[in-house]
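These protein sequence lines map, in sequence, to chains H and E. Taking the UniProt record's numbering, I'd label the letters of the first sequence as residues 1 to 364. Taking the UniProt record's numbering, I'd label the letters of the second sequence as residues 1 to 617.
Since the hints were derived computationally from the structure, they do not count as laboratory data. No residue lacks a Cβ here, since even glycine has one placed at the ideal position from N, Cα and C. It cannot be assumed that every hint is accurate.
Stated by the list, open to error - A few chain H residues that face chain E, going by a derived Cβ cut-off under 10 Å, partial list only: (1) A107; (2) E343; (3) L355.
As the list claims (entries may be wrong) - FRET-style restraints, in silico, Cβ to Cβ: (4) E/V488 / H/G170: 40 to 50 Å; (5) H/V279 / E/E469: 45 to 55 Å; (6) E/A430 / H/G170: 54 to 64 Å; (7) E/V488 / H/Y55: 32 to 42 Å; (8) H/D39 / E/Y479: 23 to 33 Å; (9) H/G276 / E/E469: 52 to 62 Å.
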Amino acid sequence: MPSENTDGHPNGVAADGSGPAFKGLTLVPVSDVRYRMKDFKSDQEVRWCPGCGDYAILAAFQGFLPELGVPRENIVIVSGIGCSSRFPYYLSTYGMHSIHGRAPAIATGLAASRPDLSVWVVTGDGDGLSIGGNHLIHALRRNVNINVLMFNNRIYGLTKGQYSPTSERGKVTKSSPVGSLDTPFNPVSLALGAEASFVARTVDSDRRHLTSVLRAAADHPGASFVEIYQNCPIFNDDAFEPLKDPGQRDARLLRMEHGEPLMVGADRGVVLGEYGELVVADVAEAGEDRVLRHDAHRTDPGYAFALSRLDRPAFEHVPVGLFRSVRRPSYDEMLNGQIAEAETTQGRGDLAALLASGDTWTVE
Amino acid sequence: MPKEVQRLDRVIIRFAGDSGDGMQLTGDRFTQETASFGNDLSTLPNFPAEIRAPAGTLPGVSSFQLHFADHDIMTPGDAPNVLVAMNPAALRANIDDVPKGAMVIVNTDEFTKRALAKVGYTANPLEDGSLAGYKVSAVPLTSMTVRALEDFGLSKKDSERAKNMFALGLLSWMYNRPTEGTLDFLRAKFAKKPDIMSANIAAFKAGWNFGETTEDFAVSYEVRPAALPSGTYRNITGNTALSYGLVAGAELTGLPLFLGSYPITPASDILHELSRHKRFGVRTFQAEDEIAGVGAALGASFGGALGVTTTSGPGMVLKAETVGLAVMTELPLIVVDVQRGGPSTGLPTKTEQADLLMALFGRNGESPVPVLAPRSPADCFDIAVEAARIATKYRTPVIVLSDGYLANGSEPWRIPDVSALPDLSVEFAAGPNGEDGAFLPYLRDPETLARPWAVPGTAGLEHRIGGIEKSDRTGDISYSPANHDLMVRTRQAKVDGISRDIDPLEVDDPTGDADVLVLGWGGTYGSIGAAVRRVRRVGGRVAHAHLRHLNPFPGNLEEVLRRYDRVLVPEINLGQLALLLRGRFLVDVISYTKVRGLPFKAEELAGVLQEVIDRAE
Ligand code: SF4
Chain H
1 MPSENTDGHP NGVAADGSGP AFKGLTLVPV SDVRYRMKDF KSDQEVRWCP
51 GCGDYAILAA FQGFLPELGV PRENIVIVSG IGCSSRFPYY LSTYGMHSIH
101 GRAPAIATGL AASRPDLSVW VVTGDGDGLS IGGNHLIHAL RRNVNINVLM
151 FNNRIYGLTK GQYSPTSERG KVTKSSPVGS LDTPFNPVSL ALGAEASFVA
201 RTVDSDRRHL TSVLRAAADH PGASFVEIYQ NCPIFNDDAF EPLKDPGQRD
251 ARLLRMEHGE PLMVGADRGV VLGEYGELVV ADVAEAGEDR VLRHDAHRTD
301 PGYAFALSRL DRPAFEHVPV GLFRSVRRPS YDEMLNGQIA EAETTQGRGD
351 LAALLASGDT WTVE
Chain E
1 MPKEVQRLDR VIIRFAGDSG DGMQLTGDRF TQETASFGND LSTLPNFPAE
51 IRAPAGTLPG VSSFQLHFAD HDIMTPGDAP NVLVAMNPAA LRANIDDVPK
101 GAMVIVNTDE FTKRALAKVG YTANPLEDGS LAGYKVSAVP LTSMTVRALE
151 DFGLSKKDSE RAKNMFALGL LSWMYNRPTE GTLDFLRAKF AKKPDIMSAN
201 IAAFKAGWNF GETTEDFAVS YEVRPAALPS GTYRNITGNT ALSYGLVAGA
251 ELTGLPLFLG SYPITPASDI LHELSRHKRF GVRTFQAEDE IAGVGAALGA
301 SFGGALGVTT TSGPGMVLKA ETVGLAVMTE LPLIVVDVQR GGPSTGLPTK
351 TEQADLLMAL FGRNGESPVP VLAPRSPADC FDIAVEAARI ATKYRTPVIV
401 LSDGYLANGS EPWRIPDVSA LPDLSVEFAA GPNGEDGAFL PYLRDPETLA
451 RPWAVPGTAG LEHRIGGIEK SDRTGDISYS PANHDLMVRT RQAKVDGISR
501 DIDPLEVDDP TGDADVLVLG WGGTYGSIGA AVRRVRRVGG RVAHAHLRHL
551 NPFPGNLEEV LRRYDRVLVP EINLGQLALL LRGRFLVDVI SYTKVRGLPF
601 KAEELAGVLQ EVIDRAE
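Bound conformation, chain H alone (with noise of 0.2 Å):
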């Protein structure tokens, strides 16, 4: 569990009382509501394949926001287009079914200019690493206070099952009928290359885990990234399956939790290799104090980026929960702030004198 700063409290008030539970939200007005999850259930019927894990999300999420103790009107959605992108609809916030890949630039716009908001980027894969890479890898790396969540099914579903961005290499799909050649991305090496500030996995079908992240996640003030893995029954369906199936998913899952040893199932462990890359070994033979316990909070992110390099080849070693969570400022922190600081060093602006600035003359 990624538990190490977060003291969440039912009520979205801090357990002493002093304001908001989450650090990612100081600037959001506290509800003095008490939600409970039907209240961010919206009146539109949910319109995804039967199956589709994007439910077990919505649910997730649904259930967690009472916890965030933010006022429903203080929360925004935003999404770009694909089958996640229909989030907004479903719930009972403001929110924004923006266009394709565009959605962490609209959330920038809003973030940067109300820091009032507690502002979710829902976002896939084709979405968020393909049309809208760029908007995506600059919102990381200015780390405006959003919290990006990319649904991950490796495929397109919406325009009808061809390869995403990160499908893998061969895979047969409408559009690659003998095997697509693209190299696939690895979300959580590009989001650290972008330097984020905050990075984790979950799975869909994990709720206990899905929601511990996405609380780590708004604990965060700055972007946060969250990769969720989440299955298409239609088009790629099962493609997560290693990773769920109760007799193989604990030898494969490393599950990492700050100040913990990193151990992939009871016998194999992370340790150093040779040219200070990160391996899986047997404990037995490598030896117990050989073992990385984890630190989210490496201001270098070589080791992140190291531990979410573990999952080649394909599943075999998955680590999933929080890579990295480091505190920076937030760009919309700084920008505020070079406002307030103008408005107090030079006072308020004045039209008239702004105007009849620079060189100027009267004429009778």
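Since the structure of chain H is provided, determine the placement of chain E with the ligand on it from the hints.
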């Protein structure tokens, strides 16, 4: 003995040199001196797209033209009376524009064999008689500057660099310009480099003194202040006026200004200017690309800000999809397109009016957007305020079509009285508007057809919007054929209805019996106006009207068009407004077009106009 002073009613000076010679700065300073003296003026900077094109070459020539007068004028002038050429390239690139009889001041130090050969001169034009008919003043500007700065202990290069100030000093003497502003400017600009500051001041004074003492210049000239309407004035470029207009629009609507922008010539100066006004609550966001610039602006609008994005043609293309989203979500948004030569990268530093049809139609689907165009640099202020008014009142994106000429050109601006500016306060939706306490985000104001603007943070009005077709009233997703037809027509009707809320087209027809109307739009106002004056001076009867609202058109446009036998429409494109007028009103207007990257010359337009008049009679 004091020298003779001749009085002139107007002068056109062109400073030309290498792009590294500081010609824009020189022109700008001369302009400020002229403005503070009280002349009416109009300027035309012209510079290469390359930051430092190879020195001494034709593509590297940068120039600044200034027209000033003791009466009100409309253009930067067709042909210079004075050309200052800092090197052979500047002479070669500009001399064809200079009529015989004009004064040509050349910097002889740069007329070396090599420099001449570089621009294709086989003989020295100062010696081979090719400048016969011009009043040539051969001045060794560089070496005189270096000599004047001998005692400053500067490198030769640094001394030479001050030659533009020597030239400015000389011209300031010649036209009896006030110099205090330039001296103050130099003191401020080089405050951190005192030796460079004193050198530039010394060079400026040396230029002035040279004029006063040398026998080469027997006369100086006087151009009296113009009798402009009373008020306080400043000189202003289109980009600055537009920036101020946006700040004013935000103040008048009571909304915080949010600018999302990506650097692009010739629009970047608006980003630069607005980034300096944080004390007005102006948030500027330099985005990763054009799409993010407009996306962030729209996001800010959703949150209750006055969202603005600024760009030029190539950026407009990229923003189209987001502008469509703003049409669908019916949120206020101001999109400024400072047009430049196109297509593609085109002519980044030159002017053109060829984005009109793109502004109107360059999106998928039926996507109506109000389009405005300022007619002069100072008018950019009023147009920006008007854009803020329309965008917020009608909850719609508004496109402003400025252009490279307006953006960088300048003119005196009578500073408006802030208390006389319109109150544009905006009311956000505060409570439910439907039965049973429901909120209907697409329930419209019956008069404006605008929908409520409910910003996040308002309890009880939580709603979802987006790019999928909306159901009337509820704003829910709707794929119903009848609803789509209704919504397409309603969005169109909303924009069309704005024509009832804008000033009617004014026609300038002093005799009231003209048969010919010349109709322009945007940045051609000055050239057309100057051409009309020329024609009238020789007895021609012509009416002039100029469109600032391109979509919707003013309500009386059709009536105005039908009032005249012939309508001439000059444009710096291949006839885009003409196409619209013909299509909309079945009026066979006469289209006159030029796409040279430069404003029309008044003389040329006057000729065209005269022909049309002659044919009509
Ligand atoms: S296509 Fe796949 S991702 Fe899209 S709704 Fe259906 S199951 Fe879900």
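Violated hints - listed by number, lowest first
none
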